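Visitor: For the protein sequence lines, the chains are C and G, in the order given.
Numbered per the working numbering, the first sequence finishes at 397, counting up by one with no gaps.
Numbered per the working numbering, the second sequence finishes at 313, counting up by one with no gaps.
Don't read these hints as lab results, they were simulated from the structure.
All figures in this text were calculated on a predicted structure; none of them were measured in a lab.
Just so you know, not all the hints are guaranteed correct.
Here are the computed lysine to any residue pairs in the SDA-like style, where the Cα-Cα straight-line distance is at most 25 Å [what the hints assert, rightly or not]:
no., chain 1, residue 1, chain 2, residue 2
1, G, 95, C, 266
2, G, 49, C, 199
3, G, 251, G, 167
4, G, 95, C, 344
5, G, 99, C, 357
6, G, 231, G, 263
7, G, 49, C, 60
8, G, 99, C, 296
9, G, 171, G, 43
10, G, 231, G, 183
11, G, 49, C, 45
12, G, 43, G, 167
13, G, 268, G, 183
14, G, 95, C, 60
15, G, 170, G, 147
16, G, 99, C, 389
17, G, 95, C, 49
18, G, 95, C, 349
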Amino acid sequence: MGQVEIITANTAAAFAAKLCRVQVISAYPITPQTPVTEELAEMVESGALQAEYITVESEHSALASVVAASQVGARVFTATSANGLLYMHEMLHWAAGSRVPIVMACVNRGVGAPWTILNDQQDTISQRDTGWLQIYCRNSQEVLDTIIQGFRLAEQIQIPVMVCYDGFVLSHASTPVDVPSQDEVDRFLPRFLDRSGINGGTPMNVNPLILSDPRLGPDDKLMPGYMEFRFMLQRDILNSLQIIESVDREFSDVFGRSWGGSLWKYKMEDADHAIVSMGSLASECTIAADMLRDRGVKVGVVGVRVYRPFPASQISEYLSHLKTVTFFEKDVSYGFHGAVAMDAKAALYESASRPSVSSYVVGLGGRDVRPEQLAEATINCIGGSTGHHWLDVRN
Amino acid sequence: MATTSVRQLPKTELIMPGTRSCAGCGLMLTYRHALKALDEGKTIVAVPASCMTVLHGVYPITPVNVICINNPFAATGAAATGIVAGLKATGKTGYTVVAFAGDGGTYDIGIQALSGAFERRVNFIYVCYDNEGYMNTGTQRSSASPVGAITSTTPILAKLQQKKEMVKIVEAHNLPYIATGSPSYPLDLFDKFKFAKNVEGSRYIEVHAPCPPGWGFPNRNLIKMGKLAVESGIHVLFEIRDGKFSLTSRSLALANKGRKKTVSDYIKGQSRFRKISPEQISELQAFTDKRWNELLERHFKDSGDA
Numbered sequence: 003m004g005q006v007e008i009i010t011a012n013t014a015a016a017f018a019a020k021l022c023r024v025q026v027i028s029a030y031p032i033t034p035q036t037p038v039t040e041e042l043a044e045m046v047e048s049g050a051l052q053a054e055y056i057t058v059e060s061e062h063s064a065l066a067s068v069v070a071a072s073q074v075g076a077r078v079f080t081a082t083s084a085n086g087l088l089y090m091h092e093m094l095h096w097a098a099g100s101r102v103p104i105v106m107a108c109v110n111r112g113v114g115a116p117w118t119i120l121n122d123q124q125d126t127i128s129q130r131d132t133g134w135l136q137i138y139c140r141n142s143q144e145v146l147d148t149i150i151q152g153f154r155l156a157e158q159i160q161i162p163v164m165v166c167y168d169g170f171v172l173s174h175a176s177t178p179v180d181v182p183s184q185d186e187v188d189r190f191l192p193r194f195l196d197r198s199g200i201n202g203g204t205p206m207n208v209n210p211l212i213l214s215d216p217r218l219g220p221d222d223k224l225m226p227g228y229m230e231f232r233f234m235l236q237r238d239i240l241n242s243l244q245i246i247e248s249v250d251r252e253f254s255d256v257f258g259r260s261w262g263g264s265l266w267k268y269k270m271e272d273a274d275h276a277i278v279s280m281g282s283l284a285s286e287c288t289i290a291a292d293m294l295r296d297r298g299v300k301v302g303v304v305g306v307r308v309y310r311p312f313p314a315s316q317i318s319e320y321l322s323h324l325k326t327v328t329f330f331e332k333d334v335s336y337g338f339h340g341a342v343a344m345d346a347k348a349a350l351y352e353s354a355s356r357p358s359v360s361s362y363v364v365g366l367g368g369r370d371v372r373p374e375q376l377a378e379a380t381i382n383c384i385g386g387s388t389g390h391h392w393l394d395v396r397n
Numbered sequence: 008m009a010t011t012s013v014r015q016l017p018k019t020e021l022i023m024p025g026t027r028s029c030a031g032c033g034l035m036l037t038y039r040h041a042l043k044a045l046d047e048g049k050t051i052v053a054v055p056a057s058c059m060t061v062l063h064g065v066y067p068i069t070p071v072n073v074i075c076i077n078n079p080f081a082a083t084g085a086a087a088t089g090i091v092a093g094l095k096a097t098g099k100t101g102y103t104v105v106a107f108a109g110d111g112g113t114y115d116i117g118i119q120a121l122s123g124a125f126e127r128r129v130n131f132i133y134v135c136y137d138n139e140g141y142m143n144t145g146t147q148r149s150s151a152s153p154v155g156a157i158t159s160t161t162p163i164l165a166k167l168q169q170k171k172e173m174v175k176i177v178e179a180h181n182l183p184y185i186a187t188g189s190p191s192y193p194l195d196l197f198d199k200f201k202f203a204k205n206v207e208g209s210r211y212i213e214v215h216a217p218c219p220p221g222w223g224f225p226n227r228n229l230i231k232m233g234k235l236a237v238e239s240g241i242h243v244l245f246e247i248r249d250g251k252f253s254l255t256s257r258s259l260a261l262a263n264k265g266r267k268k269t270v271s272d273y274i275k276g277q278s279r280f281r282k283i284s285p286e287q288i289s290e291l292q293a294f295t296d297k298r299w300n301e302l303l304e305r306h307f308k309d310s311g312d313a
């Protein structure tokens, strides 16, 4: 049996990595991720965790080293934030293209310039198109559970997974977390299956130069070209939506907790209006929804847990029949709207009926967002205000 | 015990016909002899984007009988670190991890990851095959290009600066084994890889790898060009075992007999030096002499200690 501990999301992430019996950890310190790396280092040095801990000289090297360690057959983990994640950009593509099942904790922080160490989600959103799965957590329990789910998922589909959670808001806030026992985790997550083929000493050329078109191999078998490999990655990422749901169900069977798969709903059964958001902000949106319900407005919340792959048909199913939808997110695609709103609107395009929509960029660089503001903006949308806005900005 | 005859080299060839490297490639010959010194089936090669990528062929065919892991340009030192850690964590023993990167991937974009790996004392061999420029992308200037060389990014004025002394930077990491080599001296090269294989810790071997298309000399002159570099002192063959320096092979012979060849003898057969000025030739000669004298002094000092 597990036990309840009062811990931060960073500690929850470190506990989860340990419970998953990771074999190689490589990380470079950056606020607010640092406690994850420090706690894992202590576990390794004290002998509590049997793993190789690599104290690399940069984030680029952190990801490069875990990609390579994974390629030779180890279960690997790393963590980063903000500019550190951006410094990994080349390696993010490389990891996905290599089809290595890395799980990485991404502690969301605004990116410079100018410098901020506080929270928004611009860092991970800007790495959207690198071929990783992105899962956004709303509390520390979900962080711990999602890292455990993440390894199951990544290893099943051979695609790396980012487990994203908000810097300081979650990373440094202590809350009760049910920490499962090693036995429970072992039951859910089998020991790492070494697919490297290294032990046989078979010659291989991993990630070589490749042509665009399929090409015959030495045994006259037609092998994929570059574009086929890209298509397989896309196909497997899209198909992972079902696997995410089934992994969450199996997780629930063992641990008694479910996180809703790709999307979660709050008071949506009879709702006329929805608020859509991601991460801890989506949790806060439930308070705004309650405030509006107290005023007799039937508002619910749809939380986007999995942003990549984007659960488009499910989003459409949840939102298309509503009167209005208001999006709140801590990111922007400069020159257009927030990323979640853009994708959700694209998903709704196929629907016969579509809600009236407004979208808000909020809380960048740690700017406080109060439930009253969210409720107010939602009421404006319900009252007919549409379009794209920035909340609480003086211009 | 030094290898004295090519007949003593292992007959097994791990590089089959059909590589994509250029004719007369100094890297190719280096790699061939290096792999003869390492254990078949127990060698993992880490490679950045480079001529090595090309040498290893186009998917799904490779002519090289090793485990090769390709990596982004800047990542070689870090990838090797990950390979070593992954092997250890999964109980795979008896492997030699060898990184093979060019001068661009070592002196320039890869220097951070390399320094990090050396500082962490990662148990691997790092080989820099120095062909003095970004040859795979078409002969652009690197910090290893020599003064006076025309490159495609120093097309009119030629390179104005002396090359970086990378081995000095590597030495600052206090490694147990550092060596230089040349494909023109395959026995010396073989012996150094053979020795390096059994050293524990980070090891660095820098090979001067003449490049016919990049330097502008006929393919048939590969060996001659490598020898001229050593004869003139442009490239010096040595090794440093736990800080103890000794000249080897032809450079050792030259230490006793004196150099007969000059920088002018070396550069005249290479079209990349077609615009070098008399002042630059003097500069390159002075740079070469200073370095040679430093190394000679070290050699006699360290061999006197023995």
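Visitor: The structure should be examined with respect to each hint, and the outcome stated for every one.
Guide: Do the hints match the structure? See the list:
1. Between residue 95/G and residue 266/C the CA atoms are separated by roughly 41 Å; this puts the pair beyond 25 Å, and the hint is violated.
2. Among the hinted pairs, residue 49/G with residue 199/C is consistent with the structure: their alpha-carbon atoms are about 13 Å apart, no more than 25 Å.
3. Distance hint between residue 251/G and residue 167/G is unfulfilled; the C-alpha atoms sit about 33 Å from each other, more than 25 Å.
4. For the proposed pair residue 95/G and residue 344/C, the alpha carbon gap of about 46 Å is over 25 Å, so the pair is violated.
5. Our distance criterion of 25 Å between C-alpha atoms is broken by residue 99/G and residue 357/C, whose separation comes to about 58 Å.
6. Straight-line distance between C-alpha atoms of residue 231/G and residue 263/G comes to about 22 Å, which keeps the hinted pair within the 25 Å bound.
7. Restraint check for residue 49/G and residue 60/C: the C-alpha separation of about 29 Å exceeds 25 Å, so the hint is violated.
8. Under the criterion of a C-alpha separation no larger than 25 Å, the hint pairing residue 99/G with residue 296/C is inconsistent with the structure, at around 63 Å.
9. A hinted pair counts as satisfied when its Cα atoms are at most 25 Å apart, and residue 171/G with residue 43/G does not qualify at roughly 30 Å.
10. Restraint check: the Cα-Cα separation between residue 231/G and residue 183/G comes to about 31 Å, which exceeds 25 Å; the hinted pair is violated.
11. Restraint check: the Cα-Cα separation between residue 49/G and residue 45/C comes to about 32 Å, which exceeds 25 Å; the hinted pair is violated.
12. For the hint linking residue 43/G to residue 167/G, the alpha-carbon distance of about 39 Å lies beyond 25 Å, and the restraint is violated.
13. Simply put, residue 268/G and residue 183/G have alpha-carbon atoms about 32 Å apart, too far for the 25 Å limit, and the pair is violated.
14. Annotation: proposed proximity of residue 95/G to residue 60/C holds, straight-line Cα distance about 22 Å (limit 25 Å).
15. Of the supplied pair hints, the one linking residue 170/G and residue 147/G holds, its CA atoms being roughly 14 Å apart against a limit of 25 Å.
16. Among the hinted pairs, residue 99/G with residue 389/C is inconsistent with the structure: their alpha-carbon atoms are about 58 Å apart, more than 25 Å.
17. Pair hint residue 95/G plus residue 49/C holds up; C-alpha atoms about 16 Å apart against a cutoff of 25 Å.
18. In summary, the hint linking residue 95/G to residue 349/C is not supported, as the alpha carbons are separated by about 46 Å, beyond the 25 Å threshold.
Figure legend: structure checked against the earlier numbered hints; hints not met, in rising order: 1, 3, 4, 5, 7, 8, 9, 10, 11, 12, 13, 16, 18.
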